[in-house]
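Chain by chain, the residues:
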Amino acid sequence: MDVIVCVKHVPETAEADLKINPKGTAIEESGLVFDINEWDDYALEEAVQIKEKFEGSVTAITVGPEEADSTLRKCLARGANKAIRLTDPKFEGSDSFATAKILHNVIKDLPFNVILTGALASDDGFAAAGPILAELLGIPHATMVKKIELNGDFARVNRELEGGLEEVIDVKLPAVFSIQTGINEPRYVSIMGIRKAMQKETQVLGLAEVGLSENEVGESGSWIKTEKMYVPPVEKQAEFLAGAPEEIAAKIADILKSRGLV
Amino acid sequence: MKEIFVLTEHRQGEIRDITFEMLAKGRELAEAAKTELAAVLLGSNVKEYAKILSEYTKRVLVVEDAQLENFNSETYQRVLASIIKERKPLLTLMGHTSFGLDLAPSLAVSLNIPLATDCIDLGFRNDALTVTRQMYGGKVNVNCLLKKAESYIGTVRQATFPAGKKSPSNGEIVEITSPLSDEITEKRFVKYVLPPPGGVDITATDVLIGIGRGIKDESEIPSAEELAKALGGALACSRPIVDKGWLPDDRQVGSSGKTVKPKLYIALGISGAFQHILGMKNSDLIIAVNKDPKAPIFGVADYGVVEDLFKIMPSLKSKVEELKK
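Chains as they are written, first to last, in this note's numbering: chain A, 1 to 262; chain B, 1001 to 1325.
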């Protein structure tokens, strides 16, 4: 069973204080820590578990800058056999459609039974690259996947719906599955493991090797482009309680008391 | 005349709210673009739905086929592609839900038309679609322009637009013959599953302490549990806590979990992704503790505390216990 996992190197922003650049087109990246996209981390673990169960190989592939090598090294340390980085200044500004085209042009010549991606990326949140890639390859897909059982030439997968409900569907292989968080428990990798993975080689391909023209990638090859980025307007703002922790706790306790909650 | 399509989302015998939200926004867009709003309804034995929808729109396009009984992105894509090719709508709206997420991207590729996902606003400028989306978990908004095209697809975030009123007159119901043949499909619906209920029902609890990513470590959960106990409430959480297996699935608040309306919701270390906010914004009193003053949770909270939750949690617990004496 050969598995390809598509990963993205993204800034960790959940707890960071983000600043928008003066032009209002992107966030300031300095000072932010970059790592594998959270959803892709689960996709990677799923890929490695499939390999361990059915034998075969895992290939990790990313579209991104040179710095994305640290994410690829993580993939290699976790059990990927091979890593491919698709890097070209012309790729900048690609939306999920342009990114999927770049991935497609390389993946179509690789052997695979299953392709895994994260359900979405924490930066742009498009949640579309996986199913776009599937359509370009002419194979089926399932998104928001919470469970995969491989049964020969089809897979039985659980998709997450709303309100805690899931649906079970059968999908013919080869197929693309975009993975929802919580499907597994991504394993811990030691620093030693990551160091060892540095000896494994990463293949790097640019626009010419990928075989696309300039106007098929980047902003010109995309469906959507950002015109302006800004802090969301606040309709309502909480009343902030200030002071030392003790004082704040006392204020909260008073509020609860006045409302009869204590 | 070019139309604006709204794809009806229905499951297990009911039309889902997102449909009516899109119909309201769709009507506004259709009026601005001097075009007509049409609901597209795919299913099996759905005449009753068509009647309901006709009260909200100029036209309902209905395709009935046994193969369309349950949502299946493969069969839905085939039918929708044929209708879009035929009628060339200006825009097709569908929910940014597990349904729309599975359908919109591949449909857009197959028709070679641009797609914008997870839109919180949409409009047209010089005949090109403009949308507002969010990035970085809702911390920034972006105004986007789509490539010029004759037809677009947009997926719309849930609970973003208020559901609209009925139209003054009922729309026409147009039946379209299913283009599906009996060929073997690559994707097949098997069944729905609901996880078994656990010991605590967070939808029936007056006080909830919601914990999120900021709790950092599983070893901190007992102290949050103690605070919940002191307040006579229960522990709930955002998605990352369930993903890590620190609390069971049925404690998750949000669009993929439970919708709660307690008298008090204290959010500890929850930044407030819209999926979580959807599930708790109607609580009577919301108090949020987070280190980031710009966290979206402060946009729905009544009271906010910008502080390390580990400093607040123990103090609050002792203050509450003092008051109870």
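The hints are simulated quantities; they were obtained by calculation from the structure and are not laboratory data. Among the hints, a few may not be true.
Now the stretches of chain A that chain B is said to cover, found in silico as 3 or more residues with beta-carbon under 8 Å [as the list claims (entries may be wrong)]:
| id | segment |
| --- | --- |
| 1 | 13-26 |
| 2 | 115-125 |
| 3 | 164-174 |
| 4 | 218-228 |
| 5 | 242-253 |
In silico lysine to any residue, SDA-like type, Cα no more than 20 Å apart, as pairs [what the hints assert, rightly or not]:
| id | chain 1 | residue 1 | chain 2 | residue 2 |
| --- | --- | --- | --- | --- |
| 6 | B | K1294 | A | I255 |
| 7 | A | K172 | B | K1229 |
| 8 | B | K1229 | A | K147 |
| 9 | B | K1263 | A | G24 |
| 10 | A | K228 | B | K1148 |
| 11 | A | K225 | B | K1147 |
Remember, predicted model here, so these are calculated numbers, not experimental data. C-beta: ideal position from N, C-alpha, C; glycine also.
Hints and how they fare:
1. For the segment 13-26 of chain A, the stated coverage by chain B is satisfied: 7 residues place a CB nearer than 8 Å to a CB of that chain, which reaches the threshold of 3.
2. Using a Cβ-Cβ cut-off of 8 Å, 5 residues of the segment 115-125 of chain A lie near chain B, which meets the minimum of three, so the contact claim holds.
3. Check result for the segment 164-174 of chain A against chain B: holds, 9 residues qualifying (beta carbon to beta carbon below 8 Å, three or more required).
4. Counting residues of the segment 218-228 of chain A whose CB lies closer than 8 Å to any CB of chain B gives 7, so the stated coverage by that chain holds, three being the minimum.
5. With 7 residues carrying a beta carbon less than 8 Å from a beta carbon of chain B, the segment 242-253 of chain A meets the three-residue requirement, and the given coverage holds.
6. The straight-line distance between the Cα atoms of K1294(B) and I255(A) is roughly 23 Å, outside the 20 Å bound, and the hint therefore fails.
7. Restraint check for K172(A) and K1229(B): not satisfied, since their Cα atoms lie roughly 49 Å apart, outside the 20 Å limit.
8. A hinted pair counts as satisfied when its Cα atoms are at most 20 Å apart, and K1229(B) with K147(A) does not qualify at roughly 34 Å.
9. This hinted pair does not check out: K1263(B) and G24(A) have alpha carbons roughly 40 Å apart, beyond 20 Å.
10. A distance of roughly 18 Å separates the Cα atoms of K228(A) and K1148(B); the hinted pair therefore holds under the 20 Å criterion.
11. Distance hint between K225(A) and K1147(B) is fulfilled; the C-alpha atoms sit about 8 Å from each other, no more than 20 Å.
In this structure, the earlier hints numbered 6, 7, 8 and 9 are contradicted, and the remaining ones agree with it.
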